[in-house]
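Undergrad: Residue strings, one per chain:
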Amino acid sequence: MTIAATTQAGSTPQQREHATTIFEKGSPGRRAFRAPALDVPPVDGLIPQGLRRADPPRLPEASEPEIVRHYVNLSKRNFDLDSGFYPLGSCTMKHNPRLHERVAALSGHARLHPLQSPRRAQGALELMYNLQESLAEIAGLPHVSLQPSAGSHGELAGVLLTRAYHADRGEQRTKVLTPDSAHGTNPATVTMAGYEVVKVALDAAGGVDLDDLRAKTDENVACLMLTNPSTLGIFDPNVEEMARVVHEVGATLYYDGANLNAIMGYSRPGDMGFDIVHFNLHKTFTQPHGGGGPGAGPIAVSDRIEPYLPRPQVVRRPPWAPNGAPASSEGEANGRLVGGPPVYDLDEERGGRDSKSIGKLRGFQGNYGVFVRTYAYIRSLGAEGLKDVSEVAVLNANYVLARLRAEVGDKLPLAFGERCMHEFVLSGAPMKKELGIRTLDLAKRLLDHGMHPPTVYFPLVVDEALLVEPTETETRATLDAFVDAIVSILAEAEENPQIARNAPYGTPVRRLDEAGAAKRPRVRQTL
Amino acid sequence: MTIAATTQAGSTPQQREHATTIFEKGSPGRRAFRAPALDVPPVDGLIPQGLRRADPPRLPEASEPEIVRHYVNLSKRNFDLDSGFYPLGSCTMKHNPRLHERVAALSGHARLHPLQSPRRAQGALELMYNLQESLAEIAGLPHVSLQPSAGSHGELAGVLLTRAYHADRGEQRTKVLTPDSAHGTNPATVTMAGYEVVKVALDAAGGVDLDDLRAKTDENVACLMLTNPSTLGIFDPNVEEMARVVHEVGATLYYDGANLNAIMGYSRPGDMGFDIVHFNLHKTFTQPHGGGGPGAGPIAVSDRIEPYLPRPQVVRRPPWAPNGAPASSEGEANGRLVGGPPVYDLDEERGGRDSKSIGKLRGFQGNYGVFVRTYAYIRSLGAEGLKDVSEVAVLNANYVLARLRAEVGDKLPLAFGERCMHEFVLSGAPMKKELGIRTLDLAKRLLDHGMHPPTVYFPLVVDEALLVEPTETETRATLDAFVDAIVSILAEAEENPQIARNAPYGTPVRRLDEAGAAKRPRVRQTL
Amino acid sequence: MAGYTSVTPEDLEHMLATIGVGSVEELFDAIPAGVRLGRPIDLPPGEPEQAVYAELRRLAARNVSAEDEITFLGAGMYDHYVPAVVDMLMSRSEFLTPYTPYQPEVSQGGLQVMFEYQTAISELTGLPVSNASVYEGPSAVGAAAYLAKLANKRTRVLVSRGVHPHSRATLETLAVGYGTSVDEVGLDDAVTDPAALRKALSDDVSAIVIQQPNFLGSIEDVAALSEAAHEHGALVICAADPLTLGVLEAPGHQGVDVCVGEGQSLGNRLDFGGPSFGFFAATEKHLRSMPGRIAGETTDADGRRGFVLTLQTREQHIRREKATSNICTSQALNALGGVVYLSWLGRHGIVDIGELMLQRTHYARETLAALDGVSKLHDRPVVREFAVKLDVDGVAGVERVLDRCAVGGVNAGYALGRSYEEHADGLLVAITEQRSREDIDRLAEVLGTAVAAERAAAGAGAGAGVAS
Amino acid sequence: MAGYTSVTPEDLEHMLATIGVGSVEELFDAIPAGVRLGRPIDLPPGEPEQAVYAELRRLAARNVSAEDEITFLGAGMYDHYVPAVVDMLMSRSEFLTPYTPYQPEVSQGGLQVMFEYQTAISELTGLPVSNASVYEGPSAVGAAAYLAKLANKRTRVLVSRGVHPHSRATLETLAVGYGTSVDEVGLDDAVTDPAALRKALSDDVSAIVIQQPNFLGSIEDVAALSEAAHEHGALVICAADPLTLGVLEAPGHQGVDVCVGEGQSLGNRLDFGGPSFGFFAATEKHLRSMPGRIAGETTDADGRRGFVLTLQTREQHIRREKATSNICTSQALNALGGVVYLSWLGRHGIVDIGELMLQRTHYARETLAALDGVSKLHDRPVVREFAVKLDVDGVAGVERVLDRCAVGGVNAGYALGRSYEEHADGLLVAITEQRSREDIDRLAEVLGTAVAAERAAAGAGAGAGVAS
Ligand SMILES: Cc1ncc(COP(=O)(O)O)c(C=O)c1O
Ligand SMILES: Cc1ncc(COP(=O)(O)O)c(C=O)c1O
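Top line first, the protein sequences correspond to chains A, B, C and D. Residue numbers for the first sequence follow my numbering, beginning at 1 and rising by one. Residue numbers for the second sequence follow my numbering, beginning at 528 and rising by one. Residue numbers for the third sequence follow my numbering, beginning at 1055 and rising by one. Residue numbers for the fourth sequence follow my numbering, beginning at 1523 and rising by one.
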């Protein structure tokens, strides 16, 4: 009876709602936007015959209330960081302070045109200049370009810088070394930059195998791309020797900064001998991940790489005197420009034909809105706070690791070593063997516990990998709940592995046919 | 198996989450707020012995991430207008344009101090002045006070104005007439204003019974409070005669404006002979209802009531010349004050001892933030748009009514007449008798259909009442879905009334023990 | 059709047919010819969103907000920092767009927020029960007096002159309806005069109303005043500043029966005076005569913890003319802002911020009093606000000084003479955590110059205002 | 500890004990002494939220934004009105705070948004497949060239001088990595020179890159250019302005193989240049070599409709060095803004806004060309943007004119000479639905005066800039 009722009742509205797109809502003639009245004398034929569009794009026809309700309900079909634990390894899903959204929305930042005269964008340029300086100090490398749009974009910049550096010396190198544990963007970047990928093996401890590195390092090697701590959550103890080996053949050492959040205040890529570093501002310095961006991937480089940096860069100049004359205060939008001796400017020259710069990686100056948030974060935390970030990130990760090793270490052993930095990798191989559930099943079952699963099946070097990054903003209570959930799922599987194999149950949809989706791709709606 | 799994899996995270309060979260010593450093020389004993608090209030101790996650998850345990249909009769749950939130948040509005010198608050005063003028035109009454905080506050203002008006004539009246269909705030207001409530019966058509009105109208009657269209959704055809009867004995006629949204562009309270009107800005002019406010309840009155209006009011003055001298442009915060001849001011004088004003109903000038939204709404819609609001509100209500009468008219008959204005009242009595489910059960079962139920058991004059107000911003598809849901619930009840009697099933909690809550009230957490 | 409606011609045809009428106008036939408007409403035509935004921005730009100047203006509402989490949570659709939680099964979010809010207010005030908010501060004072009347049927209220002028005015307005008379009790050296109070007290007094800290910023000896009132069986109503209750003794521990107040300083914007919220807490025995919504804890059919609106028999929608108040739509969203703010501030923050205001208030008072032509209005202990005397020509003089300070980008405060004839030369200065020592020193600089200039101008017989 | 962490002393003790170390420092033992910083990071100490807010506000106030002046500055990003619904939806936690939808069961919201976005972009461009966005406009051009290389293995790209200078520069930077050479095709009378194109084309050309409307605002005959390219088996890559595609023929209907562009004008803020998004659409046969995320429709275990990331074998996390692109984190949130904006604009709105820009561009062009010292740079049909010549002394002269206009509160546009030596005296003026006729007339007034003043100053041999 009650079952019947429950069934007939269906579950919550969000679950019962069948997915209908905005194109399936609305009705012909409905609209939200009302154009301003045409206030100029209309003229016909402004677009030559044949160039005018005959059949306008079939965009939705919906009222504002329909649009709001559609997307609000869609949003409820997402799991998000504000709602629960999100230990997605390597992605650093830490709390997003809402102060950042508030300051980024200030019209002086949000409605500033990228080509506004530097004389009327002093606030933005000062912010970018200060951010360049801060990132240089954090990286331990003197020169920064804020331009790259994300980490992988920064990687591309870095490898192209390496190419420019060698080309400038008349060298034609062909290979780039990446460890087996490297993130997919590293090899993908190497290919796009026109190099051949050479994999370097790992040693028993999960670090780079020095012998293999030495064996593969020769004059054709342009660069070694390294993530340290690695995607295994291990700080490579041989980093100094690796730097020596690589520099010996004149190659550059590239630091993938995705895991920089583990070592702030303890060590810096520059101090380790790296030539080029990219930051994932959206990870280390928190940024709402937006369902897959936006982010930003600034790079910091050593002196020898500096001449090749992308342009423009923000520079600080002696007080501005346009055409020798001080700008009239009226013209200065309420004296904004007459304030303050140091004046900030965009240095475009180096972008000119004759320069050594690799040029532009994108339009304008980069993801400024992301810079605003990062700057606010660095100002909020300060030197101490940033160190605290790394300490607690590492503390939280080791706490979760310690509990898991003690309670389910036999089923989900740590891939390498005993401890970790800010994240760690477990292998689900024994679990699969003994309980008959895969890492994927464990992940799906976690969804029923209201948690986002860790990264799965990465890094590739670990069988049935589970990459866990709790981050520093989670409480002990949350960490404990996560461990408890995993323990209970394994216990449940001992009883009945089917439950995990068929999980999840309580989500808006259940497991989806991905193979079918790829076989007959439907990537747009037919209207 | 699957059942078992489902059970063990629980349902969605939101349902499985057990209610824990913010006081139960956090941990001793945790904090989100960091106070600015003490930047003045500290001095001891600034608070005399005994007046200093020994045991600070036990507020939560939580980090910002915990706070965000707690309240975000709490919010998901609410049903809201942005997510679904909300035909709560008499409350006008119409779409809330987000433009209103944007403009209300502009710092020039949001961070303006209520005691800022009028010379430096010209924008706010101009807005309030224009709003007064617009509301006067919409009400058809010349004078407006924006001060009341909500409809019931406006009612209290109105009845106190009536008292002042009569007192000024040396009259001591004792009674206020309210029809049986009146909203609860009407009689409650009458009592707080020191009058006796006299109920007036309804006639067969649901309008006020003229004979009963005549019989009860005498020199002791101070006022008749009327809602027109009434809470039955009926426009009283005898309103002119009623006005005559009431005015004949020197009483005032009060218009409860909660349903004004039904007649904009067609008729105005002033034209009907009313002396005093309150607006529910949060209904007629849309306003996010905030889970129970804020709103605003401005009043419009006739000339004879004007002398008694609360103060301050916004007036327009000849160009300002402080102490004869034009303010220095410097001092004018960038010429804000030198612009524009008409200068707006707060007229406080009338609030003085010797004035006839009833004085203040609250602090400062009223709910300005609500005025900003209302003003934006009126500017967006204009005269035509406001008329459109009433027309579509009435159209939508009649469409739903027509379908329900055709499809379940026998079980859920319309209480009076054949048609309605912007809302209508059905009686669940036959449904209760024939299907064995009450209006309450129907309402609860609607929750499982992802819709908010209409107002139930109000107005009191209708047995098992169901008061439906679709509003003008809902689409035909939504209206049809609502009718279909009701039809299917009645069909389901025909099969098995238990389902509705035990509903809801898919909500975060199921029916709650309200009796128990009232018997042993736990209105705060014991810490 | 315009705006946010969405009836297409095709919808219209179908709907009219279903209803069985030929036109929308027909649906308005019930309106008698005699009361029809018969012309369009006389308002400008509607504008697209971008134009309305531009217009509202134009108006905003004509106001000088706390973002545009260094402000020491308080007198009931204060420029505290509103943390971003408050805005973010208040703007969640799920909190922003529902109405009063009449259907608890789908309103647990709002109901639990009320319960948490009530708990926080109860903790702040030291009183066992709180409602879920009323409109705002001054009307909360009026509502408290009504509760007192219901409690002891007495018809006289004594109100201290230290209570906010708006609260006193509101009380007088509403008391007419209650049939209650209001008498004022004067101040002695900036606090409620105990002797005057004792003299005014008698057994027909329903309640006394005091404020902590009072309008002049001074700390009242609430316990002593309460004792005097209770001797005559009168209730004690105290309007308190919630942000001082981390450092000032809780009214509930000082014999206060009903503690109310303005909640704006708790995470709510200034908004030119509203919307904010009023809090309302009392002793256990008044629970069933409190105004407004009250959330209570209970369990659901499956035994799960849940919350409901409780004791609704107090309320207008059930009890009608016998209700303990007529309040319906209140300030739920603002109260949400309040409890989120208090959670953000936290157990230690409420003390830290109180202490910071205490110290800075002292520093500011001493700094200003050291200026030429500026002196303390009184020597009493103060917190968050204090008054000084300016050696200028009455209220007009003080207001000219304020204009001069505004030229310097500083809002020096409130001209006390606007509501206290006896302090025509008074200036009321408010301190928040946003006013740093640097700001205070800047105030001193600007105020000193302004007073000097004003005195010079006055001396020159000009008094010609800021243009000079 | 500071900031957003929450380890209490008690937590710390318990956690260290569980881990089995005596201090947090111990957890960093793996870091060799030789690479340790050994001193605090040299950055200022952390500040409370209110102070950081104040600092960011100070910086914002030192920028002159589109809210502070009447701006006609475009050249790739435009001051369109962003409807409030876009902000509201982009700031929903559920859209704002998750990451890439790796777990589709709990990411249907984001995945369906991608699917709707892809549908909208496909409709706009007239091409069957779209990805879920790339970084932004110019890098999208670079990505398109890579797709062309993968498609036909050819190593030469021809790019029209009408393409945005930033797109050309980005293409050149990235082409070095592709091993592709980039040759420019000049303009003839403000559109891509067909003769020059035909001359430059040969069977080693991988793709041609054009822009619609081009950087000078003129409408290219895309079909003709495509035909020429296809004759040599080269792909046609067209960068298009999405807001003109309601009135301009869809690139997909003109033989374009890959249509990309800057998405900022679709409900995204200016943000001093980013973040925005780049759109990327192509013909069916390129589906499996597209860069970036692609959402596809499918069904779940219970047969319910659902969406997933599909064709992931293209991507770096699966295919690594064989991936069709290295892109990972992209611009999902900005693309959400884009599809919400397009839904808000709607099927009729996209035409209305295009027509409005078309008419106003014409009006503005004629109005400015009528001014003394101002003339049309060319007579070609234009939409949304156009160029004029100023009779002043080169780029420096034009920039001084811009400074003079800024004094009048008008941003007159972009000094074309900054990227086109051949148009040193050129001014590029952009029109949006936010620039009314009144604004345009105001521009004419201010520009006319500024040009006159500049010529006078130059005549006086001064050229002394705005101070005069
Ligand atoms: C180790 C590592 N490297 C590089 C990247 C690529 O960074 P992005 O996604 O910002 O392009 C990531 C992010 O997923 C990463 O985890
Ligand atoms: C008919 C009627 N009158 C008066 C009121 C009271 O208005 P408010 O809730 O704004 O106090 C309402 C609102 O519920 C109502 O529906």
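Hints are computed from structural coordinates only; laboratory data are not their basis. We put the beta carbon where it would ideally sit given N, CA and C, even for glycine. A few of these clues could be false.
[Said to hold, decoys possible] Computed from the model, here is a short list of chain A residues facing chain B with C-beta under 10 angstroms:
(1) THR21
(2) LYS25
(3) LYS76
(4) ASP82
(5) ALA164
(6) HIS166
(7) ARG169
(8) GLN172
(9) THR174
(10) LYS175
(11) LEU479
Undergrad: A separate judgement is required for each hint: does it hold in the structure or not?
TA: Hint check results:
1. Against a cut-off of 10 angstroms between C-beta atoms, the interface hint on THR21 (chain A) is violated, since the closest Cβ of chain B lies about 14 angstroms away.
2. Hint on LYS25 (chain A) holds. Least Cβ distance to chain B is approximately 8 angstroms, under the 10 angstroms limit.
3. For the restraint placing LYS76 (chain A) at the interface with chain B, the shortest Cβ-Cβ distance is roughly 7 angstroms, inside the 10 angstroms limit, so the hint holds.
4. Checking ASP82 (chain A) against chain B by beta carbon gives a least distance of about 4 angstroms; that is within 10 angstroms, so the hint holds.
5. Interface hint status for ALA164 (chain A): violated, as the beta-carbon distance to the closest one in chain B is roughly 42 angstroms, over 10 angstroms.
6. For HIS166 (chain A), the shortest C-beta to C-beta distance to chain B is roughly 46 angstroms, which exceeds 10 angstroms, and the interface hint is violated.
7. Given hint, ARG169 (chain A) at the interface with chain B, is violated; its Cβ is 49 angstroms from that chain's nearest Cβ, farther than 10 angstroms.
8. With a least beta-carbon distance of about 51 angstroms to chain B, the hint placing GLN172 (chain A) at the interface is violated under the 10 angstroms criterion.
9. Taking 10 angstroms as the C-beta contact cut-off toward chain B, the hint placing THR174 (chain A) at the interface is violated, the least distance being around 47 angstroms.
10. Checking LYS175 (chain A) against chain B: minimum C-beta separation of about 44 angstroms lies over 10 angstroms; hint violated.
11. Against a cut-off of 10 angstroms between C-beta atoms, the interface hint on LEU479 (chain A) is violated, since the closest Cβ of chain B lies about 13 angstroms away.
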